[in-house]
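Going down the list, the sequences are from chains B and L.
If you count by my numbering, then the first sequence holds residues 702 to 1102, one letter each, in order.
If you count by my numbering, then the second sequence holds residues 686 to 1145, one letter each, in order.
Among the clues, some could well be false.
[Claimed, not checked] Part of the chain B face toward chain L, derived, beta carbon under 8 angstroms:
hint, residue
1, D739
2, W780
3, P848
4, E885
5, P945
6, V995
7, N1000
8, V1004
9, N1005
10, N1026
11, V1049
[To be verified] Taking lysine to aspartate or glutamate pairs in the EDC-like style, the calculated list, with each CA pair at most 16 angstroms apart, reads:
hint, chain 1, residue 1, chain 2, residue 2
12, B, K774, L, D710
13, L, K883, B, D866
14, B, K873, B, D1054
15, L, K879, B, D856
16, B, K996, B, D1054
17, L, K722, L, D710
18, B, K724, B, D866
19, L, K706, B, D1054
20, L, K879, L, D979
21, L, K791, L, D979
22, L, K879, B, D726
23, B, K861, L, E905
24, B, K727, B, D739
25, B, K873, B, D769
26, B, K747, B, D726
Keep in mind that the hints were calculated from the coordinates and are not lab data.
Here the structure is a predicted model, which is why all the values come from computation and not from measurement.
In this text, a Cβ means the ideal position worked out from N, Cα and C, and glycines have one as well.
Single-letter residue listing:
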Amino acid sequence: MIKKIVNIFKKVNEDQNPWKDEKSDKVYAVAALFNTPDEIIHAAEKVSNSGYNDFDVNTPYPVHGMDDAMKLKPTRLGWFSFALGLTGTLTALGMIFYMNGIDYNNIIGGKPFFNFPSSVPVTFALTILFTGLTTVGVLIALFSKLPWLNNPLLDSEYSKATSQDKFGIYIKSTDSKFNQSEIETMFSSLGSSAVSLIYDSKVNEKKIKTPIFETGFIKILIGVGVGTAVITYFTLNWVIFQMPFDWMVIQPKVLPQEKSKIFADGFGMREPVPGTVARGFMPYEYKGMPDSLVKLLANPLPVNEKTLLTGQKRYDTYCSPCHGNYGKGDSRLRGQFPNPPTLMSEKVLNWTDGNIYHIITNGQNVMASYAKQISRDDRWAIVHYIRALQRSQNAKDSDLN
Amino acid sequence: MSYDATYTKELPLVPERNSFKEIDDVILKPVDSKPTKKWWIAISISGTALAIGLFCWTMTVLYGIGLWGNNNTVAWGFDIVNFVFWIGIGHAGTLISAILFLFRQKWRTAIARFAEAMTIFAVLCATMFVALHTGRPWLDGYLFPYPNQNAIWVNFLSPLNWDVFAVNTYFIISFVFWTIGLIPDFATMRDRTKSGIKKIVYSVLSLGWSNSNRNWQHYERAYLILAGISTPLVLSVHTIVSFDFAVSILPGWHTTIFPPYFVAGAIFSGFGMVLTVMIFVRKIFDMEHIITLDHIEKMNKILLATGTMVGYAYGMEMFMAWYSGYIFEQFTFLNRAFGPYWWAYWIMVACNVGFPQLFWFKKIRRSIPIMFILVLLVNVGMWFERFVIIVTSLHRDFLPSSWAMYYPTIYDFGILLGSFGLFFTLILLFVRVLPSVAISEIKAVAPGAQPSHKHEGGSH
Chain B
702 MIKKIVNIFK
712 KVNEDQNPWK
722 DEKSDKVYAV
732 AALFNTPDEI
742 IHAAEKVSNS
752 GYNDFDVNTP
762 YPVHGMDDAM
772 KLKPTRLGWF
782 SFALGLTGTL
792 TALGMIFYMN
802 GIDYNNIIGG
812 KPFFNFPSSV
822 PVTFALTILF
832 TGLTTVGVLI
842 ALFSKLPWLN
852 NPLLDSEYSK
862 ATSQDKFGIY
872 IKSTDSKFNQ
882 SEIETMFSSL
892 GSSAVSLIYD
902 SKVNEKKIKT
912 PIFETGFIKI
922 LIGVGVGTAV
932 ITYFTLNWVI
942 FQMPFDWMVI
952 QPKVLPQEKS
962 KIFADGFGMR
972 EPVPGTVARG
982 FMPYEYKGMP
992 DSLVKLLANP
1002 LPVNEKTLLT
1012 GQKRYDTYCS
1022 PCHGNYGKGD
1032 SRLRGQFPNP
1042 PTLMSEKVLN
1052 WTDGNIYHII
1062 TNGQNVMASY
1072 AKQISRDDRW
1082 AIVHYIRALQ
1092 RSQNAKDSDL
1102 N
Chain L
686 MSYDATYTKE
696 LPLVPERNSF
706 KEIDDVILKP
716 VDSKPTKKWW
726 IAISISGTAL
736 AIGLFCWTMT
746 VLYGIGLWGN
756 NNTVAWGFDI
766 VNFVFWIGIG
776 HAGTLISAIL
786 FLFRQKWRTA
796 IARFAEAMTI
806 FAVLCATMFV
816 ALHTGRPWLD
826 GYLFPYPNQN
836 AIWVNFLSPL
846 NWDVFAVNTY
856 FIISFVFWTI
866 GLIPDFATMR
876 DRTKSGIKKI
886 VYSVLSLGWS
896 NSNRNWQHYE
906 RAYLILAGIS
916 TPLVLSVHTI
926 VSFDFAVSIL
936 PGWHTTIFPP
946 YFVAGAIFSG
956 FGMVLTVMIF
966 VRKIFDMEHI
976 ITLDHIEKMN
986 KILLATGTMV
996 GYAYGMEMFM
1006 AWYSGYIFEQ
1016 FTFLNRAFGP
1026 YWWAYWIMVA
1036 CNVGFPQLFW
1046 FKKIRRSIPI
1056 MFILVLLVNV
1066 GMWFERFVII
1076 VTSLHRDFLP
1086 SSWAMYYPTI
1096 YDFGILLGSF
1106 GLFFTLILLF
1116 VRVLPSVAIS
1126 EIKAVAPGAQ
1136 PSHKHEGGSH
C-alpha cells in the first residue's frame, strides 16, 4: 500500500511534475556563476552600468552592498507593514469599543464600560499580529511574487549552485539590450567560472497546461475539500454530544422519582419529620370518629350570595360526580359503584350542618375524606349549598312568598 | 543579516569555497541520514513521558479537574505554575532571534533557529495547561470574542482576557518568524535532495524561492520588521502574564515590580532551557564547530546577568513588604521564607541567585559538565519560583479560617511530565526533519562571506 503511494509520487516527480516540466527551445536568460562575493559585486556593477534592466543576482545569502551594485530602489515593504499595523490598532480599539462599550456592558466596580488603559494590552497585541502577518503576506505575494514553482531557473545547475556556494548573475532575454553572444563575452571577461543558457519552461510559454490546472484535478480538489468539510462538520457535531462532553446534563444529584442509594428505603424523595404541620394547618378534632360523637358548632359562614356561589362551584367540582348535580344521588356513576346516597333523604334533611361537614372532612363508607382537596371554609360553603339544594328540591308553596 | 566581520575563530575552513558545502553537509546531516540509535533511545524516553501525560490529560478531560490537587484556597496550582514556566521558557527563543538580532549580536545566528523552535514548542506546552485548566476545554472557543448565540462578548477589562490575545499573538508571530527563516533553507534542501518525494515537499515549502537578490532585498527588510515587532511583543507577553497576578489584590501578587521581574525571570529560565538542550544537540549532531564554546560562554554570561536581576527582584520584594508597613504583605513574605513552604523558597533562591554566581569564573563558564548541572538547577529553580509565587501567596491570605495546604496529585505530576515529553518529542522531531541551524544566515556570517572591498554605504 505504502509502496504504491510512493510509486505514484515517484511517477509524478518524473513525468508530470508541474515544476519540472519540459524546457522549450526559447532562451530565458544567460547566466554566469562566480566564485567569490567580490566578483559578483563587480559583475553586478558592470551589468547595471552597461544599461541592462532585466537581470538578477542569485546568492546563497544576502550579499552586503548588492542592492547598491544592482541600483535597486529601497524596498517599500515597511509602509505596508505600517499601514496594516495601524489598521490592527484601529480594529482592536473599535472592537473593544463596540463589544464592551456599546453592545455588552460589564459592570465591574463602577469602572467605565470602555476605557483606554485596559484596552492597551489587547490593542498592542492585535497591532503586532496585523503587522507581522501583513509583512509576511506582502513579502511573499506582492514583493517576491511567490509561490512561483515554474520559475525556469529552478532545477538548473545554475540554481543548484547558487543555493549552495556559488554566486550567480543572469540577464533575461526580455531585456531591450539582450544579445546572447555579447553577454556571454562580457561574463567571460568578468572572470565567470561557468556561463550557461537557461531555457524557458513550456508552461510559462503557455504551450502546455500546468497539470494542477487540469479540470479533473481541480474537480478532485473541490470534491476532497467539500467532502472533508461535510464529514468534519457532522463528525464534530456528533462528537461534542458524546461523553465526556455531557454539557452538565449529568450531575451527581438525585432527581424527583429517582432511586437513592443513601436512604434505606431507596427513595430519593423524603417524607417530612413526624409531627410536621403545614402552614395554616388546623388539626381536625373529630378525625376518624363516628358520626354520633360529633358535636360541631353551627356553620361559621354567613349565608350570602358569595358563599353560595363558592359552595356551588366546589359542590359541582367535587360532589356532583357521585351525588348528582341536584344532590339526588342520580349521577352517571350509578351502577358502577355502591350507589351514592341521595342527599334528599329524611336522614340527611335532619342532620345538623356539623354532621355534613364531618362526612366531607372524614369520609364515610366508600367515600374518602375530602379534607385535602377542599379547604375548611369551602367545605362549610358546600354545606350551605347542600342546604340550599335541599330546600329547592323540597320546596313548599310558602317558599314562593 | 549582513555582516562583514569574521564569524568565529574556531570554524575550520581549509579552502574557502568548500566551506559552504561543508556547512550544508554538517547542518543537514541529521535530516539526510537515517536516525541513529541514540535518537531512537531519546525519542522513546520522551515518547513514554508524552504517553503518560496524554493518559493523565485524557483522564482530566473525562473526569474533570477534581483529579488535581487544586482546592478552594489554592485555586491555582500546577496548572498555572506550569503555564507560566513554559511561557517563560519560550521567551529565550524570541530574545535570541529578535532582540539579539537588533543588537547585531552575530553569535546568535548559530542558535537562533533552534531557540525559535523551542519558543514555539514551549508556547504549545503552555497553552495546553491553560486550555485544560478551564475545566471543559472543548468550550475554550468562548475565550475569543466571536458573535455567539448567547449574545455575550468577552470582558476586555480582565487581564485573563489580555492573556488570551497576548499568548496567541505570541505563538502566531513566533511561528511566522520561524517559517520565514525556513524558506531559503527549504530552497537549499530542495536543490540538494535526490529523493522524489522530498523534492516535491521542499519545492512546495520553499514556494519556489530562487535566492534572487531582488527577493533578498525585501526579505531582509521583512526580517528586520519582524524582529522589530517581536521585541516589544516578547516583553509584553510576560508583562501581561504577570498582570494576571499583579492586577489582583492578593498580598504577594499585588506589586508593580512584577512585569520587569517576570520578564527577567522568563529570559533567565529560557536561556537555561536552551542551554540544556543545546549541550546535547551540538554533541549528538557534531555541531561543535557551528555552535561553539564561545556562544555557550556568552549565553552563560546572560544567565549570570538575568539571574542576578531576578535575585535583585527577590530582595526588592522583601524590602517592599517591610517598607510598606502593611501587615498582610509582611506576613506573606515571612510566610514564604519561613512558613510551611520554606523549602520551596530556599530552593528557588539557591538555584536562581546562588549557584549562577559561579558563572563569574571563566573556567566554569567554559566547562560543559559543571555548566550542565548549573543550567539544570536554573530550570528547577525557575519552576520553583512560579510555585512559590502562586502557591505560597494563595495558601495563607487574609482569612486564617480559609488557610490550607496544597498537595498535588499524581495527575498533576503526570501532566507536568507529559509537557516535558511533548516538548522533547517535538524537539527531537524538529532536529530530524528541519535544519536546526539557519543555513543561509550562518553562511552570511562565515569568514569571507561578505565582499572585502569598502562597501559604499551599505543598507545597514
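Results of checking the hints against the structure:
no.	hint	in the structure
1	D739	holds (5 angstroms)
2	W780	violated (11 angstroms)
3	P848	holds (4 angstroms)
4	E885	violated (21 angstroms)
5	P945	holds (5 angstroms)
6	V995	violated (60 angstroms)
7	N1000	violated (59 angstroms)
8	V1004	violated (60 angstroms)
9	N1005	violated (56 angstroms)
10	N1026	violated (55 angstroms)
11	V1049	violated (65 angstroms)
12	B/K774 - L/D710	violated (36 angstroms)
13	L/K883 - B/D866	violated (21 angstroms)
14	B/K873 - B/D1054	violated (122 angstroms)
15	L/K879 - B/D856	holds (12 angstroms)
16	B/K996 - B/D1054	holds (10 angstroms)
17	L/K722 - L/D710	violated (20 angstroms)
18	B/K724 - B/D866	violated (25 angstroms)
19	L/K706 - B/D1054	violated (119 angstroms)
20	L/K879 - L/D979	violated (36 angstroms)
21	L/K791 - L/D979	holds (12 angstroms)
22	L/K879 - B/D726	violated (26 angstroms)
23	B/K861 - L/E905	violated (22 angstroms)
24	B/K727 - B/D739	violated (32 angstroms)
25	B/K873 - B/D769	violated (20 angstroms)
26	B/K747 - B/D726	violated (28 angstroms)
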